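Novice: Take a look at the letters that make up each chain.
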Amino acid sequence: MSGTIKYLSPEWRSEVEKLLKAELSPEKMNNISSSMSNIYRNCPDGKERYFHVKFDNGAVSSVSVGDGTPPEAEFIITGEYEVFAKISRAELGAQKALMTGKLKLKGNMVKALKLASVVDRLNKVIAKIPAEY
Amino acid sequence: MTRKLDAKDRYYIDFPKRISDIQAAMAKEKIDLYLGSRLRTLSWTLDAFCPWRSFVVIPAEGMPTAFIFVIDVARVADDTWVDEEHVRGFAPMGGQDQIEQIADFIRDNLRGGKGRVGIESGMSNYLPEGWLTHYEYEQYRDALAGSELVNAHTIVDRLALIKDAGTINRFREASRIVDEGHVAVRAAIDNSGWKGMTETEIAGIAALAMRRAGSEWEWSFTGGNEIACGYRTGLAGGACTPATRKKLAPGEPLMVDIHSMFMLGLGDHSHNYFTGSATDRQLWHAENFLKIVRATLKAYRAGITPSTLADEMMALAEEGRYSDFMVPGFEHGIGMMGDEWRIGLNDGPFPYWTNPDHVYQENEVLICAMQYACPEENVGFRYENPIVIGKSGCEELSKYPLGIEVII
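First to last, the protein sequences are chains A and B.
Heads up: the first sequence is residues 1 to 133, going by my numbering.
Heads up: the second sequence is residues 1001 to 1408, going by my numbering.
Bear in mind the hints are in silico, worked out from the structure with no lab data behind them.
Source: prediction; values computed, not measured.
Hints are not guaranteed to be accurate.
[Claimed, not checked] DSS-like cross-link-like pairs, simulated, lysine-lysine; straight-line CA separation at most 27 angstroms:
#, chain 1, residue 1, chain 2, residue 2
1, A, K111, B, K1004
2, A, K96, A, K28
3, A, K47, A, K28
4, B, K1004, A, K114
5, A, K86, A, K102
6, A, K102, A, K54
7, A, K114, A, K47
8, A, K104, B, K1114
9, A, K86, A, K6
Please build the complete structure, drawing on both the sequences and the hints.
Specialist: Okay, structure coming up:
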């Protein structure tokens, strides 16, 4: 892969799916079955976008990006585009963003806490993609 | 792991039925969702001890969902019959604090995101009651714009009034445990064992024995095991004596009021002694108290009211010339953990106090609670015992023999 890919574009989605499948084995994902939708408010073009990822028994089964309403997910994380971008650029920790209310989590927090480490693994893989924000 | 309910268990309570009974009452009162916050409501619906701020959301149909302070959520999920999916934690995180998360959840469970939401608002002399605070009310009202918040605690109060067999069995077991505590205290203070002992030590001896017998804690908010000796037994009113470092002394009264908890059922029994010796005057006081306790226990039955019982008993005390020393109250309410205040419903002349004309019904459980206090003579006694109201009498749950012993 060379150059940068536009964040949340179809190309970026394909790269995310490829990398997740290559780098996160079901064992590394603790064989979880879960799904998460990130909702990005105030994207640079003023739109609202989403990123959705689903795992079945630890294997990536669906990755999608788009406008409007995201697919149903066990966890929904909502925030400003710029906050997500800062997290992706490692300028802000996801946990701090949640603790300061910059991101809002909807879903069973007990389960979310149990999944925190696998989500961290997922974010680290996604952060490897050189993205243009 | 969620606890499985076993209908064959002698402590079994049909919690799903409790929830559907609440839902039926909600439907009658046109309440679309119930937001419970009181400790007694949490115990009664979840069958779990919830000492941290917690809520239970009961939708019009289906399972209740508990919202628990995050540090305790896994433990509550482990203890309750409610499945893990319906036990949520709240914490200071975006979207996860108790206002936003619960308000979101409520909206998701109301048709069109709006409706009549039952809340629990009121007052009590019992501090850890758990009423929705003014701040919480304002926050939910604003977060649930378009919904109406209505006071609905009477739904739970009414349903919780008459105890089912499983609840009564839990109270029976808690009382059996309390009796073990008394046996241990009696053995420890006997044969001059009381000499040099402090009230706190007595409290601890009882606690250890009750824990060994299976008690979960000395639940009373009035100080766990309440122990008083000497002048402290005769403090006017006298219904709160957390143990102090005061040493037991010869010729003084000793009041041992101990508390156990078994599966949220509560044991609460007081026994009284004199240490070393007692004067004739002290024994006269003791005999007065025993007479009135016996008479009171004999009087409890379905159909009587707190005021008729008090009138009858105070007349007896007047006749025996000791009415000046009797606190003119003979009971307090009790239910699963957190329910320790009013008798019956909130329908008396003074809101949120016991209605003196409440008519006792079969299978109500209350604490027969009596206090005798003579501050001028530094003497007082307390009797407490959970009782189950029957058609023609009452069942005393603690079987520890009534008496005021002089321990040499």
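Novice: So, for every hint listed, does it hold in this structure?
Specialist: Now the hints, each set against the structure:
For the suggested pair A/K111 and B/K1004, the alpha carbons sit about 21 angstroms apart, so the restraint of at most 27 angstroms is met. For the hint linking A/K96 to A/K28, the alpha-carbon distance of about 24 angstroms falls within 27 angstroms, and the restraint holds. Among the hinted pairs, A/K47 with A/K28 is inconsistent with the structure: their alpha-carbon atoms are about 34 angstroms apart, more than 27 angstroms. A C-alpha spacing of about 23 angstroms is found between B/K1004 and A/K114, which places the hinted pair at or below 27 angstroms, so the restraint holds.
For the proposed pair A/K86 and A/K102, the alpha carbon gap of about 11 angstroms is at most 27 angstroms, so the pair holds. Pair hint A/K102 plus A/K54 holds up; C-alpha atoms about 23 angstroms apart against a cutoff of 27 angstroms. Under the criterion of a C-alpha separation no larger than 27 angstroms, the hint pairing A/K114 with A/K47 is inconsistent with the structure, at around 32 angstroms. At most 27 angstroms may separate the alpha-carbon atoms for a hinted pair to count; A/K104 and B/K1114 meet this at roughly 22 angstroms.
Annotation: proposed proximity of A/K86 to A/K6 holds, straight-line Cα distance about 15 angstroms (limit 27 angstroms).
Checked against the numbered hints above, the structure breaks hints 3, 7 and satisfies the rest.
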